[in-house]
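Number of protein chains: 2
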Amino acid sequence: MSNNQLKNLIIKIFVKHKLKKLHATICAKAILNAELVGAPSHGLSRLKMYCERISKKVINPRPKIKIKNISKSISMIDANNSIGFVAADMGIKKTIKNARETGIGLVGIKNSGHYGLSGYYVEQAVKNNLIAFAFTNAPPAIAPYGGKKSVFGTNPICFGSPSNNKAPFILDTSMSLINRGKIRIAEKLNKKIPKGVALDKYGKPTTNAKEALSGVQLPIAEFRGSGLAWMVDILSGVFVGSNHSGKVKDPFDDFSGPQNIGHLFIAFKDNIFVKNYKRDIKKNIRRIKNTPSLKNQNIFYPGEQKYLREKINSRKKIKIPKNIKIDLNSLLLG
Amino acid sequence: MSNNQLKNLIIKIFVKHKLKKLHATICAKAILNAELVGAPSHGLSRLKMYCERISKKVINPRPKIKIKNISKSISMIDANNSIGFVAADMGIKKTIKNARETGIGLVGIKNSGHYGLSGYYVEQAVKNNLIAFAFTNAPPAIAPYGGKKSVFGTNPICFGSPSNNKAPFILDTSMSLINRGKIRIAEKLNKKIPKGVALDKYGKPTTNAKEALSGVQLPIAEFRGSGLAWMVDILSGVFVGSNHSGKVKDPFDDFSGPQNIGHLFIAFKDNIFVKNYKRDIKKNIRRIKNTPSLKNQNIFYPGEQKYLREKINSRKKIKIPKNIKIDLNSLLLG
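Heads up: the protein sequence lines correspond to chains A and B, in order. All residue numbers for the first sequence refer to this note's numbering, where the first residue is 1 and numbers rise by one. All residue numbers for the second sequence refer to this note's numbering, where the first residue is 1 and numbers rise by one.
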């Protein structure tokens, strides 16, 4: 199956689950992108979950999404429990419009769901000559510093800027010491996880993947990472009026109601303060990449390696694991 | 000497170094605040350096600071090589004004210098019911991930929000694994620094403080912390038109010209998206602080401990180390 055929298949599955063709296409593109940039944990592996949430009526397949313009720069979106991709697509487009027109755009989104990779949205803003942030909250995975129970999601901070190089500068970093996907893989392969990245459910450090999954992950940089995760909980939770402080439901195993995830996008024109931002950022990146390196290794800027992976993967067919093929078939049958 | 007398002494010293009384007062307040919140590395210990930079004409004591309003939300400040405190004070006041009037404020500052603690400015915005960010660059201290030469400053990310508790929520975190001040203290006491936080000038890991000071500090969380430091270099350097990518001069030992540090402030009204932000943030903080803890310890939110320190310290006289007393006397004599 070619990647285009795969995209059409995903669209078909979503349409079968009552999404409009336009919305299904938005979702399919985002899912395919996650596979191409090398983040399969945000790709096809979540398709079944999205469909299950639609079937169980905790994702609204035909949402009435409301946009309220608070000013020419600031807008609020109530996503009406839409699938996250659709709400975020609308949100980033609105952010781009506001920022292109007034220099700065701020858009808050509530009543949304998991939207895939933050970088996917920030990249759209960057392609419009904007510097942009995306914040989103997520179901509990990280304990606050000093705690032994998960409260914060992996709560990524995503920042992007035009780079005047082929790959845009896109930093998309979660606040956990290790990706949850990596722990899941270690569990499947019966391998240990590194010391100091997780606690078991009794609050004891563990290198056992299974124990870590039922316990908590630790934030990067102790009090500092915990503080950054808290910041993201405030920005995309409290500030926009979505769930926060541990109340976001896990999309995989909690069907008791919608997630009510929140997102916050901020963007500003790259050239509001300087004449030639493109020239300056190119110089910045060149100088830093030329820093003497430790082991004759390349110094990469954020987004560079993802761009290279996407380029290589786009020329190949996406490899679909067996269990996901089975999912796709059963989802098609509905 | 009472803290008020100390403040007047600092004002006197700055006036002797040609600052206007108003500007000297702004500086004295910020320096005193650093002492009170327990950050003496950003307090009196820098007074001699500031005065030396004025005497050597790399800080302009009588700057013609220009404010350009790009829109009602966005302003640009050219600080004309003023002392950082004065530029940042003007910058945060302008940010507050823009945000209070339009919901959002974005202010870039170039041709500035070291401004002390970011939290000091963010707190002013928070007291005006704003959620705020401050970014500033700094002289090279951190190597990019994979590099063995310093390029990024400690490049703090500062974020604040009203908390509806006594202490405002203020996260002010540098991107280095260890504070440079702590390495300096270890050097003086002939103590080792922890493993893995710094490299010597040949790029080898070191626990020797002296070697670390002539080598590089490592960022938090490897590639992620390096990326965050890079983000701050872009936001407060490239974007606002100040020095960046390793070109910010060290204020203590490079008098070959002004620092041309940049700052970026972003603020938005806390209640643009929700009706009762104060109630919601209080609930957020209460829930997270109530997370079961590891060792019956308190879970603090960012800014809480600093607030407690400031409260305690404000009731006492600031202890002035001998060498700084000598500095103060010699600066008074001019």
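Any given hint could turn out to be false.
[What the hints assert, rightly or not] Reference excerpt, derived from the structure (chain A facing chain B, CB under 8 Å, subset only):
#, residue
1, I220
2, R224
3, G227
4, G241
5, F255
6, R287
7, Y301
8, L332
9, L333
In short, the hints are calculated from the structure, not lab data. Think of the CB as a built atom: it goes at the ideal place given N, C-alpha and C, for glycine as much as any other residue.
Results of checking the hints against the structure:
1. I220: holds, 4 Å
2. R224: holds, 4 Å
3. G227: Since the shortest Cβ distance to chain B is 4 Å, the answer is holds.
4. G241: holds, 4 Å
5. F255: violated, 23 Å
6. R287: R287/A check passes; min Cβ-Cβ to chain B is 4 Å, inside 8 Å.
7. Y301: For Y301/A, the interface hint holds, since the closest Cβ of chain B sits about 7 Å away, which is under 8 Å.
8. L332: This interface hint is violated because 39 Å lies over the 8 Å limit.
9. L333: violated, 42 Å
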